[in-house]
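> Listed here are the chains, written in short residue letters.
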Amino acid sequence: MAASFEDNSTGQPKDDALKSTAPARTEPEEDNDNDDDDSQEEDDDEEEEEEDDDEDEQPPLTRQARMQSDRAKMEALFRRLSTERVPVRVHDVLIKGNAKTKDSLIEAEVEALKTATTVQELLQAAGIANARLQRLEIFDSVNITLDSGPPELPGTANVVVEVVEAKNPLSGDFGIFSKPEARSWSLEGSVKLKNLFGYGDLWDGSLAYGWDQTSEISAGLSLPRFKGLMTPLMARISLLSQDWSKFSSYKERALGFSLGLLSSRNHDLSYNLSWRTLSDPSQISSRTVRRQLGHGLLSTLKYTFKVDRRNSPLRPTQGYAFVSTSQLGGLVPDYRSLRFLRQEFDLRYAFPLGLLNAALNFGISSGVVFPWGNGFLNRPSYLPERFFLGGNSSPVCTLGGPTSILGFKSRGLGPAEPRRQVGENSTTESADASSEMDFLGGDFAVTGFADLSFDIPLKVFRDAGIHGHAFACTGSLTSLTENSYREFSLTKFKESFRHSAGFGIIVPTKLFRMEVNYCYILKKHEHDRGKTGVQFSFSSPL
Amino acid sequence: MEEVKNGEKLTLVTRKPCFGLPTACPTCLPVYIYLRFAQLPFDVEYNLIYPDSDQIPYVEFGSHVVYNNEKGGVIQSLKDEQTVDLDSDVSGIPEWVSTKAMVESWLAEAVMYELWVGSDGSSAQKIYYSDLPWPIGKCLYFKQIHMVKQLLGITKGNAERREEEIYRRAATAYNALSTRLGEQSFFFENRPTSLDAIFLGHALFTLHALPETSVLRSKLLDHANLVRYAENLKAEFVDADSSSSSVSPSRSDPSSSVPKRGPSNWKSNPKSKPKREKTEEEKKFKRRAKYFLVTQLVAVLVFISLLGRSNDAEVEFEDGDDGLDYE
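These protein sequences, in sequence, are chains L and E. Counting from 0, one number per residue, gives the positions in the first sequence under numbering that gives the first Met the number 0. Counting from 0, one number per residue, gives the positions in the second sequence under numbering that gives the first Met the number 0.
No lab work stands behind these hints, which were simulated from the structure alone. Heads up, a few of these hints could be off.
Stated by the list, open to error - Distance condition first, Cα-Cα at most 30 Å in a straight line; then the derived BS3-like pairs of lysine-lysine:
{"hint": "1", "chain 1": "L", "residue 1": "K245", "chain 2": "E", "residue 2": "K8"}
{"hint": "2", "chain 1": "L", "residue 1": "K250", "chain 2": "E", "residue 2": "K125"}
{"hint": "3", "chain 1": "E", "residue 1": "K8", "chain 2": "L", "residue 2": "K250"}
Claimed, not checked - Facing chain E, from chain L, some residues (calculated, C-beta under 8 Å):
{"hint": "4", "residue": "D333"}
{"hint": "5", "residue": "P417"}
{"hint": "6", "residue": "Q420"}
As the list claims (entries may be wrong) - Computed beta-carbon distance windows for the label pairs:
{"hint": "7", "chain 1": "E", "residue 1": "G307", "chain 2": "L", "residue 2": "L169", "range": "28 to 34 Å"}
{"hint": "8", "chain 1": "L", "residue 1": "L220", "chain 2": "E", "residue 2": "F291", "range": "33 to 39 Å"}
{"hint": "9", "chain 1": "L", "residue 1": "L192", "chain 2": "E", "residue 2": "V297", "range": "29 to 35 Å"}
Glycine included, C-beta positions come from ideal geometry on N, C-alpha and C.
Using the sequences and the hints, build the whole thing.
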């Protein structure tokens, strides 16, 4: 507890000063989000004071008089702060209460305080630093106190940062999340260990089970501010297994390690090294899938640029969004690892229509994947890295490249190949011919949609957030590798587009977001799995 | 799946070719040779990325596929479907059946042992893992060695006994086959059967793909008529019309094959077995190393505890004059 003192240059004796500064508020533990902090000032300019406990040096004042003088003091302070810049210099930053957390971590977050030159700047910077420290999620409470500096240095202030570390470093979580990589929603349970080594490190282990029979077990480490680096570092090791037997007759297992290198609001750069195995235990895959079964090493660098100016990610009524994702595979000098280049673009635009909170949403997504390296024109692209269209995810909300056309089943359209024929039984089941086709995905995908969303004009629906929408979707999936690009022509490309349209109701609840749509398929190709009718879709509530 | 439809060509998918052989994997080579005996035209494609699959080799025609792990294997399935049956006459002869059983059990075990456990692994690395990235190749290699040891029932205790047993059986088999063959061109009825295909595959693999220090190889070289049989049939069926079968790799080009080793200069220097002494020396060395490491660890721990205690004393001493500078 520092003592209060005043500017000796004015010559005022200490006793007088103490008299004038009656102990107004003894609350040194306030947040700096409001201007009502502990700093008081004198008639003279340059410093800040704090309450003092030496009440015995003051003449006894009545409580009423004390409060009045306090109020007068505060008003004088605010007047001064609002009218002129009160210069101050930060002398020292003291950190208290961190038994485990390293000083360097906290100091990195309060860096800006050291460069503040006026009281106003200092208050603002203190507020920001407080918010940053709280966002690290490793403290139960954070208090920043502005104190007066040492008596021999006038015009200085000390900053005292007091933190209370979280008592229980372990926390668990269970919920329904949406994974943009897997393009589905999943049930996930995770365990988090915070601040094990004092660097603000966040360790977590999680187990996830997805709707499309994806299961993943992973462990990760996140360092939000390691040694003062501006960008958080993240590392994750995971074992993922996906079962695509029903759609493409293969199962995928991936043991991967990923490193988040750069993560800011608009940019994201990450590196991924994984060992993928494709297998077919049912032994009914088609020829193309058979050729791709086996092991592969993926070493990829992924860069995402994202600008999202829409007013809401789930029900945008205004604004635009643009996402570009580039992935370069095959970075290790080993020529045997998988080499490919993958690029996706997403563009969304929403504008409001005024009536009934209605909005028109447009969007177009496209993606292309191509191998590189020796003989790349003849080589097929890697099967799991191709684009697959289909599924029920709402195109308005997802920004992860071309993924869905409402009305078509998961992986339900695009190039397909007949599976292995087993015995003569195939002729008797030829009615459901599409169930014997493997969907192989494509190298070039384009999807587009137009969606009109509106409130249902009943108060009870509007309050619950339930709204309706009418949509039209279109998309195309073509293959370019293995010399198919030579047969690519605009007419064929136009022919390859599928269309669907429909309307539905969206019900957002706390646990999930449900959509009930009636889709009408306007155009589909022979083997596509798309049905006109009612369909449900669930996604995360965000 | 009835017969091979006319106009649809057979495609055989095997592992990569090397060591001068059309495919160097010991399970794939007999199938290749069988199709050659049957004089069926077929294409060959290679799968270079799935060494631990038991589905390879497989044969495709149209949308039908015959896998190695179904219905007794590719050769058996081809016979069952009457696509091509070279054994129609001999399958009733008990000698033929027992000879085939001997080749399929004893000699197959011997090759498996020699390829994964007995030799230094260079052949296995070249055949199976040379087209996979290094970390994956290494992991799969060790996994396979472990699996082979389990399959052959080899543990630390009985390793030598099992090895001796495997080699003894192989030698017995070679003796019997050599006696059976005599000076004929084929084993039974002077025409190729699946027994010939299987043994020829085994012999070519042993002679060409295994290293020169291999014990199994030296045992085979003891029987000149078997070696002659292998070389003659190779020249006639395997090398002769390699132009008629087109070859296309999957995923990447296989590395160029090693130049062939001719029959005239067969060299064989099997490693004499100083292994017993080596293992005793190794054991002594390991024991001594363990003692050394333990001693080092204990010394470090003692040092740290002593240092820690002395540090504590210093710290306590310093604490006293701390707060005096406080204002």
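> If a hint holds in the structure, say so; if it doesn't, say that too.
Status of each hint after checking the structure:
Simply put, K245/L and K8/E have alpha-carbon atoms about 29 Å apart, close enough for the 30 Å limit, and the pair holds. For the given pair, K250/L sits about 27 Å from K125/E by alpha-carbon distance, which is consistent with the 30 Å threshold. Restraint check: the Cα-Cα separation between K8/E and K250/L comes to about 29 Å, which is no more than 30 Å; the hinted pair holds. With a least beta-carbon distance of about 5 Å to chain E, the hint placing D333/L at the interface is held under the 8 Å criterion.
For P417/L, the shortest C-beta to C-beta distance to chain E is roughly 6 Å, which falls under 8 Å, so the interface hint holds. Because the beta carbon of Q420/L sits about 4 Å from the nearest beta carbon in chain E, less than 8 Å, this interface hint is met. G307/E and L169/L have their C-beta atoms about 29 Å apart, which keeps the hinted 28 to 34 Å range intact. For the pair L220/L and F291/E, the beta carbons lie near 35 Å from each other, so the given range of 33 to 39 Å is met.
For the pair L192/L and V297/E, the beta carbons lie near 33 Å from each other, so the given range of 29 to 35 Å is met.
In the structure shown, no violation is registered for any of the earlier numbered hints.
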